[in-house]
Amino acid sequence: MARLSPTLQLRRLPSGAEPGAWLGVVRPAPRRWWQLFFNPAGTQTLAAQTLVERWYTELIEQGEDAPACRESFAVITALAEGTLAGRAVGPLTARGGWQLRLVVIDEEAHTMEVVFVSGRMAVHGWPVK
Amino acid sequence: MCRVAALAAAVNALELLSMRCALSDRGVWRASLLSSHWGVWRLLLGARAFIVVLVAQLAFAVTLAAAPGTASGCLAAAALAFTSWLSALRFRGNVNGGSDAMLFTVLGGLTVAQLPNVSSVVHEAGVLYLAAQLTLSYVRAGIVKAKARRWWTGHALSAFLALPAYGVPAWVPRRMPNHLALLRIASVGVIGFECLAPLAWFDPIACIVLMVVALTFHTATAALFGLNRFLLAWSAALPSLWYAVHRVG
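Just so you know, the sequences run in chain order X and W.
Each number in the numbering used here comes from the position in the first sequence (counting from 1) with 133 added on.
Each number in the numbering used here comes from the position in the second sequence (counting from 1) with 1389 added on.
These aren't lab readings, by the way, just hints derived from the structure by calculation.
Any given hint might turn out to be false.
Claimed, not checked - Computed beta-carbon distance windows for the label pairs: (1) Val1510(W) x Ala218(X): 18 to 24 Å; (2) Ala1448(W) x Thr190(X): 45 to 51 Å; (3) Ala1535(W) x Ala218(X): 20 to 26 Å; (4) Trp155(X) x Gly1581(W): 52 to 58 Å; (5) Ala199(X) x Val1598(W): 25 to 31 Å; (6) Leu156(X) x Ala1535(W): 35 to 41 Å.
As the list claims (entries may be wrong) - Computed list of chain X residues with no C-beta within reach of chain W, every gap over 10 Å: (7) Phe170; (8) Asp198; (9) Val247; (10) Ser251.
Because the structure is a prediction, the values reported are computed rather than measured.
Where a beta carbon is used, it is the ideal one built from N, C-alpha and C, also for glycine.
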């Protein structure tokens, strides 16, 4: 059976408030006709999704403590941080945190499998102590 | 073939140059996170050095387009294969799935096909190797799909169309069961085209039909999924089938 593709999501965790909604990290912009031939934004989006799919494969096959999986998690964290910085997902404050998760959504069966949920992260990616 | 491959390599370089912020010390693909795998190539893959590599890739692409079938073209194709490999190493695998692997294969085949001072058998082998890899790329993908029931029913295509990362335009029908027939026909069509690709080796008409269907397929995937690199890489490889059918058919 073909494996479904994973989706990376993040949410803000404001201190003293309810967590924000889960938002997709890898979100492409609408395409124009000329991007049929030259599409740097699309290539970057697909490269990001390749990172997510590689991390997913490593999580399933090797477990989250495997060295390769840890390396991938560092890159995935950088990817999510980039999204966090570039998108209005709530006020960025020094005390606020955020969280990411990896899910596999089966639209046919209307199910969602949560593969991984991170702990609370600080704005610059280090776990909050 | 050389000129389309040169165009594909030039587009790849220009796209990566456009993405240079993502490769910088504060980007997603920053050296500090990835460089443990770079080994001796570390000197060429840092944020600034890699820009130089990409500019060199553009220059090699211009050379290949300007002098196909010459020793300069051979050197340019080999250099482009090397810079494509460096890009894959830079991204800890590949940038955009199988398109990088296919372009690398094309450039390798073109290097052999343009080698100076060797027998014409070697030149033929370079192009036939490319045609074989191209055919295998379709057959392998076709068999994987044919073995999965979700592909025959259209559900796998529906799931791909729904994946947010691909940014499929909103007007494209993708819902089950509303568009069941359309998704099933498209899926079975893709499986059939991919599994029947070897027929292109044995009959010129079948070869033309396959090349037209393949170009339509890659144009559609570029428009729907944003896979423009696939369109360029496979377009560069497709003429090798025309060569193969006249040597084998």
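(request) Of all the hints given earlier, name the ones this structure violates by number, lowest first. (result) 1, 2, 3, 4, 5, 7
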